[in-house]
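Take a look at the letters that make up each chain.
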Amino acid sequence: MEMNQIIFILFAAIIVVFSILTVTSRRILRAAVSLLFVLVSTAGLYFMLNFAFLAAVQLALYAGGIVVLIIFSILLTSHISQKMEAVDLKKSVFSALAVILGMILTITTILQFSFQATTAAAAEINMEVIGKAMLSYEVDGFVLPFELISVLLLAAMVAAIIIAKKGSPVSDAPNPDKP
Amino acid sequence: MNILSLLVLIPLLTIAGILFLKDTQKTRLVSAIGMGIQLIVAAVLVFMYLSERKAGNTDEMLFVRSYEWFKSLNIYYTVGVDGISVAMIALTSIVVIAGIFASWQVENLTREFFISLILLSSGVFGFFISLDLFTMFLFYEVAVIPMYLLIGIWGSGPKEYSAMKLTLMLMGGSALLLVGILGIYFNSAPGGGELSFNILEISKIQIPIEAQRFFFPLTFVGFGVLGALFPFHTWSPDGHASAPTAVSMLHAGVLMKLGGYGAFRVAMFLMPEAADEMAWIFIILTSVSVVYGAFGAIVQKDLKYINAYSSVSHCGLVLFAILMMNKTAMTGAILQMISHGLMTALFFALIGMIYGRTHTRLIHEMGGLMKVIPFLGVVYVIAGLASLGLPGLSGFVAEMTIFFGAFEHTDPFHRIATLVAVSSIVITAVYILRVVGTLLLGPIKNDHFNHLEDATWFERISTITLVVAVAAIGVAPYWLSTMIGDSMLPIVNKLLTANPF
Amino acid sequence: MTTDFGYALLIPLIPLLMFLLLGLAGNQLKARLSGLLGTIGLGVVFVLSYYTAYKYFFATEKIAGAFSKITAFDMVWLRFSDSLHINMGILLDPISVMMLVVISTVSFMVHIYSLGYMKGEVGFERFYAFLSLFSFSMLGLVLANNIFQMYIFWELVGVSSFLLIGFYYQRPTAVLASKKAFIVTRFADLGFLIGILLLSFNTGTFDFSILCDPQGAAIATGSGAAFLGLSVMTWSLIFVFMGGAGKSAMFPLHIWLPDAMEGPTPVSALIHAATMVVAGVYLVARLFPVYIISAPDALVVVAYIGAFSSIFAAVIACTQTDIKRVLAYSTMSQIGLMMVGLGVSGYGGHEGLGYMASMFHLFTHAMFKALLFLGAGAIIHAVHSNHMTEMGGLRKYLPITHITFLIACLTIAGIPPFSAFFSKDEILVAAWHHDKLIFAVEYIVAGLTAFYMFRLYFNIFWGKETHYHHTPHEAPAVMTIPLIFLAFLSVFSGFIPFSKLVTTDGIPFEGHIDWSLALPSVFIGLVGIIIAMVMYKKETSLPDKVAATFKHGYKWAFNKFYMDEVYMFVTKKIIFAYISTPVAWFDRHIVDGSMNGISRLTNAFSFRIREFQSGQLQKYGFVFISGVLLLTFLMVYLWN
Amino acid sequence: MNNGIPLQYFLILASIMFFVGIYGFLTRRNLIGILMSVELILNSVNINFLAFNRYLYPDRLEGLFFSLFIIAVAAAEAAVAIAIIINIYRRFSTVNVEHVNEMRF
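Protein chains in written order, with my numbering: chain L, 1 to 179; chain Z, 1 to 501; chain P, 1 to 640; chain W, 1 to 105.
Only chain L is shown next, with the shape it has when bound in the complex (with noise of 0.2 Å):
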């Protein structure tokens, strides 16, 4: 067994067991920070498969912004110490069953096709083409969804900051329907 394959049995390992802690842990901080290993080592992986620019990406975005904004959130809704009370069984055996089912048709699925290796040359990934890319707007470059993404993202801002502005008038608005 060579090493980057003991590398991805770690990292899967890795992943997989701090995924499922993620979605059972009754502790929502401790979650957070199972799904923080979790990101960490999905970085890795695109380390393994020679994606450095996402890989520090990924780092910087989901590990550093976006699970910081989680545990946040948690801190500004709950007590840290808070135990969150525990699934409803009947509700967690059938996702469970869906879930593994699902589970075992993906994969059947997965196991049964046959990929076809290519031969093609591994393109140069680098800064600079990464760069190129994103602003050209020739065959192969992503300038569009790259000003929608923007756009997007400007938006989600203006939005997130409206829904969550304080005594906004629409959240304050007296509801109708409610006796």
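Keep in mind that the hints were calculated from the coordinates and are not lab data.
Treat the hints with care, since some could be wrong.
Covered, in the sense of this in silico footprint (three residues per stretch, anywhere, with C-beta under 8 Å from a C-beta of chain P), are these stretches of chain W [stated by the list, open to error]: (1) 16 to 27; (2) 93 to 102.
Calculated cross-link-like contacts (lysine to aspartate or glutamate; reagent style EDC-like; alpha-carbon spacing at most 20 Å) [what the hints assert, rightly or not]: (3) P:Lys619 <-> W:Glu102; (4) P:Lys619 <-> L:Asp88; (5) L:Lys132 <-> W:Glu77; (6) L:Lys90 <-> P:Glu611; (7) L:Lys165 <-> W:Glu77; (8) L:Lys132 <-> W:Glu62; (9) P:Lys560 <-> P:Asp322; (10) Z:Lys159 <-> P:Asp592.
Quick partial rundown of chain P residues pointing at chain L, CB under 10 Å, derived from the structure [to be verified]: (11) Thr632; (12) Phe633; (13) Val636.
These figures come from a predicted structure and were not determined experimentally.
Quick reminder that beta carbons are idealized off the backbone N, C-alpha and C, glycines included.
Got chain L; can you put chains Z, P and W on it based on the hints?
Just chains Z, P and W now, with coordinates in the frame of chain L:
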């Protein structure tokens, strides 16, 4: 500009005009003027039509214009008229103008009321001039949908219930109808070639009999729902009872005629073989409904219910006559549509006016009104006499034409059905006289009625217009009957290919 | 020829114009003026009708010895199919000209009379408008040149009768009576219409001149397939007769006639005595060639219904106390007699004696019955009551009315030389030769008629002295002049040589009085009068004793043999309670219920499936995921 | 770095992660928990994109870019979602998803 398209355009322009107005008074005036112009255009159309025919133009349809609308499905905006549609258009324009004057006193949301009313009438006009099934269906929906608003907003009593019932039942009908129309469309070129929505083109080919067997009942029942075909008539009593005056007038007077007109122009004309095969079912249903509606009307207590059941009876006669599939009976059917349209509109107008004064529609609460409101009373009696088929008024002409046409069949089935239908004239007399006797004659039951005012000028215009039309047809039916009968020939010839009895 | 009588169009048109004028502008005119206008209009018609009669009978050449049928006017009114079309036309032949005279005379007299009788009534101009409408319709009816035109005017006559009976529309009994009259005759008209449908499709024409031509094709082709043992032609003619029976108040469709007396008395005189009620007789007479040639069975029906009605009505008339009702039943009885005349007639020459006699009786009856009604009107006008129990000894107060009434009573009793003696006698002769049973019935009826008429006469003008609130006074001249004129006609119209004018085939024949039958009939008439005189001239207890003797019979007759109750049962119980109410219920609950049921079903279904819309995000998610998985499974493993 | 590791491994890993995320999405009551599950799902998708890119089309950049964009979208989503969660918390004083059922019929 084609004169036919003008008939659709004028109502739309009137609506546009109303949109810019704020003043109630001006809204009424603009509506009346717009629909007055419409009446004039309709009169001009009648005149043009007759002179064209006199000049020897023997085309099936006159003033045909066709504009491409949706190429890939061969949908065209195709308009054209024959004597039947001309007659129906004339009827509609008369009823609409009477309806406008009858709703002179609508106070609540006047602008919106008139807009809906005129939109409805625009749909009706469009329906009568269309030669393209799709366009026809479109206008049909345009005519039906404002009804919901008109009843739901300006109605009385359980108006939401009635409006919902009416709309749902009619929509159910249109669903069947849409299937039927699409069925016709996809069978319009059995030998290959371009599919078509055009009635005239489809009438030249023969739709495969298997397809006809399936789509004829759908189409016929689809239109039949609007034409109050038993047992799909129950929207009518509730709907009429809740609807405001002008809406009842337009609905019973004109909209229900779309059903009859469509049933024969689309269902019978395009699918004669299936019509011939299945006629017996519908003949039974309609002859039942003729008598049944009349019996139902006898014991009703509410004026509008009486009239609604009476409409079931009279409209049943229309469909009955259409199914007889010969020239005389079908001419009678059209005459009956016109006659019923006029007199029922008159009835509803009067009921609205009486209700506006007495604030009740229950006949046993009223009595002796002839003394206090003689004008309305006399007109009511005239309408009643027209309805029970008094010679000299339109109902007689129509009914007799139907009976004689139906009697042309020599087999016992048709003759017995005819006799059943004929017997309705007695039952009609019973309920009409019962209403007239209770409502107008006898001593005045309520002191409060002593101070009622007789008709105002706009009510007079509304009712006199209708009375004149009813009497004119009744006294001199020859030209109208001939105009309709001549236009009936191509249709009858097509039917004869199916039924060379 | 036709142009000669072109003016005849004016005869129905003038009353129509008067109707429109008075109907539309009547309330703007002064009541008096509108009455006068109507009367003048009718006066013109009166003159024109007499002129026409003169011209037709005496100044127009006969063709082959027969009076010709003249179509003075004809236009297509409505076209059904290529062969069938309704025309509006004017046909002049002996019976229509005779009817013109009858109608215009009586109508004119009634118009004049009403000027006095209806004076000061509310709706005076309306009354005249309706009278004009009636005159128009009735004239149109008799002048009709085809059966459908006749039907049209038949209906119009019915409606004018309805309007006039209900003239006092605030009186509930009048409203009920008018309704009853209209609906009963409407029901009869249904038969008429079915008869027309059958007849016209068998013969292919509406036109009288083709239909009634004895040698014509219509009659020959008509007698076709049989149904229930009778030919279609017979059925159709029986149905047509049903219409006639309704208008002419033959049993069992007579119930409207007594109630129709709720109308103003001049109306009863005009419509329910002299003109409209004989329309049925006229109808049968008009179609007489068809009846006699293609459906003699139908004529038997006519004869027996006529005979039964006449005796039935005569019995009831003996017990009634309302003078107008007595007259009404008398009318019914006399019309039955006319029907008998037609029913027992043959065709051509002296064979057609019954037909001629029937028409003759129609003529004389119109005069004396109108006179009786107008006289009754004058009496009611004077004492303000309809009941003979509240009258008595009026001969001193109302001398002219008394004399004219007496003349009329003598006429109807068949005492020579008054007119009805001649006409009634001829009918009896015809019946004698045709059917002895019918003759016997009519012979009894003759006696009964004399009895009840004189019972009426003695009760009113003799009998006990009654105390009146105000002293009765003789009617004004506008009312007495028509009485005198009609009395004059009643006396002398018997001398008109009817057999030279009105015959089945238009060829005159010599009529003579068969004294061997006439004398017995005069005798029984006299017997009736004498019995009435004994019983009612002085106030005695005799009538009560007689009534007590025939207690049950009297009670039945007094209650009109409970015919009204039977009808009420049929209408109220059967039609209202057992047909209409269930139909209405069925419609509301079953038909509409199933429609509402569909909507309720949809609603219930929606309520069930709305549980899916729980607002629980995770449930949605679960369903969504399961669905996606299922679809994936299907797509990957099954559809490939 | 990835030689010796078949593509399938990545895919299997991604699908396990994906379904674990789904499980969390279906069972978590806490809205933030749900949000975290969604992050897991997004991550698994990213892994798929990149693995396919590397193994099947190493000469192209689509996988990379789509992952990049997904991360951006995830960031935006997280921001908005958290804003919403905080708002819900203010309004209902809870972040339990079962209590937030205003949208029920």
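Each hint tested on the structure:
1. Counting residues of the stretch 16 to 27 of chain W whose C-beta sits closer than 8 Å to any C-beta of chain P gives 4, which meets the bar of three, so the coverage hint holds.
2. With a threshold of 8 Å between beta carbons, the proposed coverage of the stretch 93 to 102 of chain W by chain P holds, since 5 of its residues qualify and at least three are required.
3. With a C-alpha separation of about 14 Å, the suggested pairing of Lys619 of chain P with Glu102 of chain W holds against the 20 Å cut-off.
4. Taking the CA atoms of Lys619 of chain P and Asp88 of chain L, the gap is near 13 Å; set against the 20 Å cutoff, the hint holds.
5. Between Lys132 of chain L and Glu77 of chain W the alpha-carbon distance is near 26 Å, which puts this suggested pair outside the 20 Å criterion.
6. Note on Lys90 of chain L and Glu611 of chain P: the hinted pairing holds, with a Cα-Cα distance of about 18 Å set against a maximum of 20 Å.
7. Distance restraint check for Lys165 of chain L and Glu77 of chain W: the Cα-Cα separation of roughly 17 Å lies within the 20 Å cut-off, and the hinted pair is therefore satisfied.
8. For the proposed pair Lys132 of chain L and Glu62 of chain W, the alpha carbon gap of about 14 Å is at most 20 Å, so the pair holds.
9. At roughly 13 Å between alpha-carbon atoms, Lys560 of chain P and Asp322 of chain P fall within 20 Å of each other, so this suggested pair holds.
10. Between the alpha carbons of Lys159 of chain Z and Asp592 of chain P the distance comes to roughly 17 Å, so the proposed pair stays at or under 20 Å and holds.
11. Contact between Thr632 of chain P and chain L, as hinted, is supported at the beta carbon level, the nearest pair being about 7 Å apart and thus within 10 Å.
12. Interface restraint check: Phe633 of chain P against chain L, minimum CB-CB distance 6 Å, threshold 10 Å, status holds.
13. The beta carbon of Val636 of chain P comes within 6 Å of a beta carbon in chain L, closer than 10 Å, and the hint placing it at the interface holds.
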